[in-house]
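Participant: Sequence:
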Amino acid sequence: MSAYAIYPVITGLNATDQGIMTYQRHYGKRIHIPIYVFYLKGVDPDAPKILIDTGLEDFMVDDGVEEELGLKCEYFEDGLQRLGLTPDDIDIIVHTHLHNDHCENDALCGKAKVYAQQAELDFMRDPHPLDHRYDAAYLEGCQLQPLRGEAEIAPGLRVIFTPGHTPGGQSVIVNTANSGKVLITGFCCNDLNFPGAGPAVCPGVHTDAIAGWESANLVKRMKESGEIDLILPCHSLWPGQKGVID
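In the numbering used here, the protein residues as written are 4 to 249.
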């Protein structure tokens, strides 16, 4: 079975309120959320070079935050360079969704095929005024590969449709050699969205709260049933602290 190691690159540490992650829960707690790019390095040396999201183009971090959290922000190209890559090396970009903090560096990867749900692309081109985080310019000139629902992107890599946070969110399931099947959420959340007991918590920001709740609970059920082995919330702190997931 094809397998990958997951390498995080942190392109920002945004200050926010925990309630932005967890609808009707935990308001009033100030947190910092990492803005990730995940590089998937195949165990097979001939495997495609894959990114999950491309993060922020630029960032500002309050003094002392990186030291406090034990994390380090990097510009996109610097993060790739640390991993022995350039943007031209990237073969595939898979988007969890298309808020600006997930796609600002797509245009740098001119050779990559860019996979996103058709519903997300449609909304990006004509967003509702309530959601200001879309800018279709970030995908201009990209080799777009629209998807409609569940799909296999490459051996050992597939997506499932998890809307609600946005109309076309998709979660990414990655086969790894030692950690099993790892699911990177297609909606903005952190560890508190997946409590040990009871249902999952809807993302605090959403275009459809009911769909968001259903998507979060689909992911939780997949973990509980053994269909996946690990949930990687796309704004959790711990991947950057623990390093590579292999």
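Hints listed in this document are in silico derivations from the structure and should not be mistaken for laboratory results. Any given hint might turn out to be false.
Distance condition first, Cα-Cα at most 20 Å in a straight line; then the derived EDC-like pairs of lysine to aspartate or glutamate [claimed, not checked]:
| no. | residue 1 | residue 2 |
| --- | --- | --- |
| 1 | Lys-44 | Glu-77 |
| 2 | Lys-223 | Asp-194 |
| 3 | Lys-116 | Asp-134 |
| 4 | Lys-32 | Glu-69 |
| 5 | Lys-32 | Glu-80 |
| 6 | Lys-184 | Asp-232 |
| 7 | Lys-226 | Glu-153 |
| 8 | Lys-184 | Glu-153 |
| 9 | Lys-44 | Asp-232 |
| 10 | Lys-44 | Glu-80 |
| 11 | Lys-114 | Glu-80 |
| 12 | Lys-32 | Asp-47 |
Okay, the calculated beta carbon distance ranges per label pair [as the list claims (entries may be wrong)]:
| no. | residue 1 | residue 2 | range |
| --- | --- | --- | --- |
| 13 | Asp-249 | Leu-72 | 18 to 24 Å |
| 14 | Ala-200 | Asp-138 | 18 to 24 Å |
| 15 | Asn-103 | Glu-71 | 24 to 30 Å |
| 16 | Gln-84 | Ala-200 | 21 to 27 Å |
| 17 | Pro-48 | Gly-183 | 35 to 41 Å |
| 18 | Phe-62 | Leu-133 | 21 to 27 Å |
| 19 | Arg-224 | Asn-103 | 29 to 35 Å |
| 20 | Arg-224 | Leu-72 | 19 to 25 Å |
| 21 | Gly-87 | Glu-155 | 35 to 41 Å |
| 22 | Glu-69 | Asp-138 | 22 to 28 Å |
| 23 | Asp-194 | Val-46 | 34 to 40 Å |
| 24 | Arg-151 | Asp-194 | 18 to 24 Å |
| 25 | Gly-113 | Ala-212 | 33 to 39 Å |
We put the CB at the ideal spot given by N, CA and C, even for glycine.
Participant: Please work out if Lys-116 and Asp-134 have their alpha carbons no farther apart than 20 Å.
Facilitator: This hinted pair is violated, its Cα atoms lying about 26 Å apart.
Participant: Does Glu-80 sit within 20 Å of Lys-32, going by the straight-line distance between their CA atoms?
Facilitator: Given that 20 Å is the threshold and the Cα spacing comes to 32 Å, the pair is violated.
Participant: Mind checking the hinted window 22 to 28 Å against the Cβ distance between Glu-69 and Asp-138?
Facilitator: holds (27 Å)
Participant: Is the straight-line distance between the alpha-carbon of Lys-32 and that of Asp-47 20 Å or less?
Facilitator: Violated, because 43 Å separates the two Cα atoms, which is more than 20 Å.
Participant: Would you say the C-beta atoms of Arg-224 and Asn-103 sit inside 29 to 35 Å of each other?
Facilitator: Given a distance of about 31 Å, which is inside 29 to 35 Å, the answer is holds.
Participant: Please work out if Lys-32 and Glu-69 have their alpha carbons no farther apart than 20 Å.
Facilitator: holds (18 Å)
Participant: Take a quick look at whether Lys-114 and Glu-80 sit within 20 Å of each other, Cα to Cα.
Facilitator: holds (15 Å)
Participant: Is Lys-184 close enough to Glu-153, meaning Cα to Cα at most 20 Å?
Facilitator: Holds, at roughly 16 Å.
Participant: Can you confirm whether the C-alpha distance between Lys-184 and Asp-232 stays at or below 20 Å?
Facilitator: holds (5 Å)
Participant: Evaluate the given range 18 to 24 Å for the C-beta pair formed by Arg-151 and Asp-194.
Facilitator: violated (31 Å)
Participant: Cβ-Cβ distance between Asp-194 and Val-46: within 34 to 40 Å?
Facilitator: violated (28 Å)
Participant: Are the Cα positions of Lys-44 and Glu-77 separated by 20 Å at most?
Facilitator: Given that 20 Å is the threshold and the Cα spacing comes to 19 Å, the pair holds.
The structure does not agree with the numbered hints 3, 5, 12, 14, 16, 17, 20, 21, 23, 24 stated previously, though it agrees with the rest.
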